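Peer 1: Chain by chain, the residues:
2 protein chains.
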Amino acid sequence: MMLDSIKNRRSIRRFKAQEVDGKLVKEIIEAGTWAPSGLNNQPWKFVIIRSPAIKDQLAVLTRYGKIIQQAPLCIAVFLDTAATYDRTKDIQAIGACIQNMLLAIHALGLGGVWLGEILKNSEKVRHLLGISSALELMAVIALGYPDEQTVASPRKKLDEVIVKEV
Amino acid sequence: MMLDSIKNRRSIRRFKAQEVDGKLVKEIIEAGTWAPSGLNNQPWKFVIIRSPAIKDQLAVLTRYGKIIQQAPLCIAVFLDTAATYDRTKDIQAIGACIQNMLLAIHALGLGGVWLGEILKNSEKVRHLLGISSALELMAVIALGYPDEQTVASPRKKLDEVIVKEV
Numbered sequence: 037m038m039l040d041s042i043k044n045r046r047s048i049r050r051f052k053a054q055e056v057d058g059k060l061v062k063e064i065i066e067a068g069t070w071a072p073s074g075l076n077n078q079p080w081k082f083v084i085i086r087s088p089a090i091k092d093q094l095a096v097l098t099r100y101g102k103i104i105q106q107a108p109l110c111i112a113v114f115l116d117t118a119a120t121y122d123r124t125k126d127i128q129a130i131g132a133c134i135q136n137m138l139l140a141i142h143a144l145g146l147g148g149v150w151l152g153e154i155l156k157n158s159e160k161v162r163h164l165l166g167i168s169s170a171l172e173l174m175a176v177i178a179l180g181y182p183d184e185q186t187v188a189s190p191r192k193k194l195d196e197v198i199v200k201e202v
Numbered sequence: 037m038m039l040d041s042i043k044n045r046r047s048i049r050r051f052k053a054q055e056v057d058g059k060l061v062k063e064i065i066e067a068g069t070w071a072p073s074g075l076n077n078q079p080w081k082f083v084i085i086r087s088p089a090i091k092d093q094l095a096v097l098t099r100y101g102k103i104i105q106q107a108p109l110c111i112a113v114f115l116d117t118a119a120t121y122d123r124t125k126d127i128q129a130i131g132a133c134i135q136n137m138l139l140a141i142h143a144l145g146l147g148g149v150w151l152g153e154i155l156k157n158s159e160k161v162r163h164l165l166g167i168s169s170a171l172e173l174m175a176v177i178a179l180g181y182p183d184e185q186t187v188a189s190p191r192k193k194l195d196e197v198i199v200k201e202v
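Protein chains in written order, with our numbering: chain S, 37 to 202; chain P, 37 to 202.
Possibly wrong hints are sitting among the right ones.
Same chains, same label: a pair holds when it works inside one copy or across any pair of copies.
Simulated pairs of lysine-lysine, DSS-like, Cα-Cα distance not exceeding 30 Å [to be verified]:
no., residue 1, residue 2
1, Lys91, Lys52
2, Lys52, Lys200
3, Lys91, Lys193
4, Lys43, Lys59
Calculated directly from the structure, the hints in this document are not laboratory data.
Small disclaimer: the values here were computed from a predicted structure and weren't measured.
All chains should be built: construct the whole structure from the sequences, respecting the hints.
Peer 2: Here it is, written out as structure tokens:
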């Protein structure tokens, strides 16, 4: 069941106009916060973005702007540099947090996509959202009710990624 | 169901002697490979470690060596630097991959723990395992059948991690 959900999750880039209830948004973020982190430092912070005006301004900061504009909702995920202790491990924890959120989005019948290209403009995003310089943009997740069927992107075979067994 | 699994997953540090079937190990690694990655570059590689002699040598490289020795199995996760395109995004992808593995471990009735402290000796681990310098150690996951009940480590409240809604 869990394994199927992990395999069947897809990136969704087209959304219906239907809004996403705030209760679901909190469930998604809560799922993110159940990720493990080094020394349980929980180095994540979130900004929920629904304003069409803000989405329009975000959209010009990435080549995937149309996805942001079309999504009823985005969640920006930040690394809280005040909570960090080791950059590699903290960024891994952020990745684990985002994956939990994507799995929760899928489990709730929603769809979402992890947008990273916008990190090239992370400072502009921070200014636009009026966020402290202690927070570093890690990703934007666009989500909503899916309006497309997608197929899995291919994966390397297991014997390509398992180097050896000792 | 998925959300419960995300919440109920715990770090397990004590294991029964029972071996973990190779088929389950492949399911766990396969779950890892279903994580998303930037440009679908899949920058992960894995080494399966069952040899007691190797585990003993790994154990001296971390203060959590007893967990490694007691676990019937460890999986070392590496970043394939030949496949990288952006260090932050690649490390996030590794984190997503590890989280999928931990969720799969939990879903299969096994338990595991994400060990990061050993990264202080990542080069020694690489030499011990006889791994190419193109691979960079990202974590060791110790796993097996759980021999303990654990409680959740506390989480910050949602209103502490949601900075704002715009």
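Peer 1: Hints first: check each against the structure and report whether it holds.
Peer 2: Hints, verified against the model:
no.	hint	in the structure
1	Lys91 x Lys52	within (16 Å within a copy, 51 Å between copies)
2	Lys52 x Lys200	between (45 Å within a copy, 24 Å between copies)
3	Lys91 x Lys193	between (38 Å within a copy, 27 Å between copies)
4	Lys43 x Lys59	both (26 Å within a copy, 17 Å between copies)
Comparing the model with each numbered hint stated earlier shows that all of them hold.
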